[in-house]
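2 protein chains.
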Amino acid sequence: MKQDSRLVRMLHVLIHIGLLGGRETSETIARMLNTNPVVVRRTMSALRRKGIVGSEGGRGGGWVLLRPLTELTVLDVQTALREDKVLSAGLSSDHPACPVERAANAALVEAFARAEETLIGEFGRLKLSIIADAALADAKKLPARAEPPRQEPIR
Amino acid sequence: MKQDSRLVRMLHVLIHIGLLGGRETSETIARMLNTNPVVVRRTMSALRRKGIVGSEGGRGGGWVLLRPLTELTVLDVQTALREDKVLSAGLSSDHPACPVERAANAALVEAFARAEETLIGEFGRLKLSIIADAALADAKKLPARAEPPRQEPIR
DNA sequence: ATATTCCGTAACAAATATTGTTACGCTAAA
DNA sequence: TTTAGCGTAACAATATTTGTTACGGAATAT
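Read top to bottom, the protein sequences are chains Y and L.
Take the first sequence: its position 108, counting from 1, is numbered 108 in the numbering used here, and each next residue is one higher.
Whatever position you read off the second sequence (first residue = 1), add 155 for the numbering used here.
Rather than coming from a laboratory, the hints here were simulated on the basis of the structure.
All of these numbers come straight from a predicted model, not from anything done at the bench.
A hint or two may mislead.
Said to hold, decoys possible - Pairs of lysine to aspartate or glutamate residues, derived as EDC-like cross-links and limited to a Cα-Cα distance of at most 20 Å, are as follows:
{"#": "1", "chain 1": "Y", "residue 1": "K85", "chain 2": "L", "residue 2": "E272"}
{"#": "2", "chain 1": "Y", "residue 1": "K50", "chain 2": "Y", "residue 2": "D94"}
{"#": "3", "chain 1": "Y", "residue 1": "K85", "chain 2": "L", "residue 2": "E271"}
{"#": "4", "chain 1": "L", "residue 1": "K205", "chain 2": "L", "residue 2": "E179"}
{"#": "5", "chain 1": "L", "residue 1": "K157", "chain 2": "Y", "residue 2": "E117"}
{"#": "6", "chain 1": "L", "residue 1": "K240", "chain 2": "Y", "residue 2": "D4"}
{"#": "7", "chain 1": "L", "residue 1": "K157", "chain 2": "Y", "residue 2": "D94"}
{"#": "8", "chain 1": "Y", "residue 1": "K85", "chain 2": "Y", "residue 2": "D4"}
{"#": "9", "chain 1": "L", "residue 1": "K240", "chain 2": "Y", "residue 2": "E122"}
{"#": "10", "chain 1": "L", "residue 1": "K240", "chain 2": "Y", "residue 2": "E110"}
{"#": "11", "chain 1": "L", "residue 1": "K240", "chain 2": "Y", "residue 2": "E117"}
{"#": "12", "chain 1": "L", "residue 1": "K240", "chain 2": "Y", "residue 2": "E116"}
{"#": "13", "chain 1": "Y", "residue 1": "K2", "chain 2": "L", "residue 2": "E238"}
{"#": "14", "chain 1": "Y", "residue 1": "K85", "chain 2": "L", "residue 2": "E277"}
{"#": "15", "chain 1": "Y", "residue 1": "K127", "chain 2": "L", "residue 2": "E265"}
As the list claims (entries may be wrong) - Covered stretches of chain Y, as calculated for chain L (at least 3 residues, CB under 8 Å):
{"#": "16", "region": "3 to 9"}
{"#": "17", "region": "13 to 20"}
{"#": "18", "region": "32 to 40"}
{"#": "19", "region": "85 to 93"}
{"#": "20", "region": "109 to 120"}
{"#": "21", "region": "128 to 139"}
We put the beta carbon where it would ideally sit given N, CA and C, even for glycine.
Put together the whole structure using the sequences plus the hints.
Encoded structure:
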């Protein structure tokens, strides 16, 4: 299956909005993500439901950040995108009554639960502002052309 | 995408073979897994390449365990099935030069690497014999019939 | 020898989840 | 009234595991 990249993409977007401090349209964001506005609305709507961003229709509308980057963690974004666990073992239900199958399932569930704890811990302490700072530091190291290769306005 | 259940399934099979101590045909194993022999051969061939099991064709052939359950870990089986990492963050490559995208990618890679460490640690210390013991203990607790679709009464 | 019982593999269909795309409706501001 | 936005439904494209069919080859029993 295709890899789920909604989390990184949302981090990318949120940090951009946070750094620019303003309002961005789905159209603009779509260009950031090399995709189209529908995908943006679809994904961002999950964040809106959790109060991370707000949206307004009509002229001059767009998306705004409702909480500063210092008060947003990767975990907040992750759980907004998916209620359930990040990691999950592929279990088997071929013979639910078989003690061996059950023990194998249980062992993997346990191991993944430990890994999930670790991951959630990392996500929880990773504020978006930390990632933003890293990005700024990185940008400073590079030649001045730091922004994404802008396409010329076509209209 | 569908969940990858090859690992649990192989654990299930290996432990069964280990406990029964003999040789099993793809046909028999397929019935264990509610699937068909081709799927079994396809998946088990990865384990053969790593010397975990051996196979013989012809009459009286089948699959045998080349290492005892006490000398096999979940990690052995996992790495036989996939060379690469168990966990991987969904990254983005929408604008590879954008410092924000890069920082977001890097942050997730880092977090997942920590989780992977935890998981590999768990897998590495989980010998198949431990899971086998758990299965036996479980089987003993239950009425002697281990197979049919029987469910614990839910309170 | 010949039939039977095995594995090995290629090729293709089915099921599933994310992503991309088109189309249309609604709202608010110019 | 027009225009710039979002909201949503519907469907195609893509990728991965799983299931299935159809072979061919090898070892053993008869």
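Structure-based check of each hint:
1. Between Y:K85 and L:E272, the direct Cα distance comes to roughly 18 Å. Compliance with the 20 Å bound is thereby established for this hinted pair.
2. Between Y:K50 and Y:D94 the alpha-carbon distance is near 38 Å, which puts this suggested pair outside the 20 Å criterion.
3. Under the criterion of a C-alpha separation no larger than 20 Å, the hint pairing Y:K85 with L:E271 is consistent with the structure, at around 15 Å.
4. For the hint linking L:K205 to L:E179, the alpha-carbon distance of about 19 Å falls within 20 Å, and the restraint holds.
5. As the CA atoms of L:K157 and Y:E117 are separated by approximately 24 Å, the hinted pair breaks the 20 Å bound.
6. Note on L:K240 and Y:D4: the hinted pairing holds, with a Cα-Cα distance of about 16 Å set against a maximum of 20 Å.
7. Our distance criterion of 20 Å between C-alpha atoms is met by L:K157 and Y:D94, whose separation comes to about 15 Å.
8. Of the pairs offered as hints, the one joining Y:K85 and Y:D4 holds, with about 14 Å between alpha carbons and a cut-off of 20 Å not exceeded.
9. Of the supplied pair hints, the one linking L:K240 and Y:E122 holds, its CA atoms being roughly 18 Å apart against a limit of 20 Å.
10. Only pairs whose Cα atoms come within 20 Å are accepted, and L:K240 paired with Y:E110 is accepted, the gap being roughly 19 Å.
11. Restraint check for L:K240 and Y:E117: satisfied, since their Cα atoms lie roughly 18 Å apart, inside the 20 Å limit.
12. Using a Cα cut-off of 20 Å, the hinted pair L:K240 and Y:E116 holds, with the two alpha carbons roughly 15 Å apart.
13. For a cut-off of 20 Å, the pair hint linking Y:K2 to L:E238 stands: about 19 Å separates their Cα positions.
14. Of the supplied pair hints, the one linking Y:K85 and L:E277 holds, its CA atoms being roughly 18 Å apart against a limit of 20 Å.
15. Using a Cα cut-off of 20 Å, the hinted pair Y:K127 and L:E265 holds, with the two alpha carbons roughly 14 Å apart.
16. A stretch counts as covered by a chain when three or more of its residues have a beta carbon under 8 Å from one of that chain; for the region 3 to 9 of chain Y and chain L the count is 7, and the coverage holds.
17. With 3 residues bearing a CB less than 8 Å from a CB of chain L, the region 13 to 20 of chain Y meets the requirement of three and the coverage assertion stands.
18. Only residues whose C-beta sits within less than 8 Å of a C-beta in chain L count toward coverage, and the region 32 to 40 of chain Y has 4 of them, enough to reach three; the restraint holds.
19. Using a Cβ-Cβ cut-off of 8 Å, 6 residues of the region 85 to 93 of chain Y lie near chain L, which meets the minimum of three, so the contact claim holds.
20. Remark: the region 109 to 120 of chain Y is confirmed as covered by chain L, as 9 of its residues place a Cβ nearer than 8 Å to a Cβ of that chain, reaching the required three.
21. Three residues within the 8 Å Cβ limit are the bar, and the region 128 to 139 of chain Y against chain L gives 8, so the coverage statement holds.
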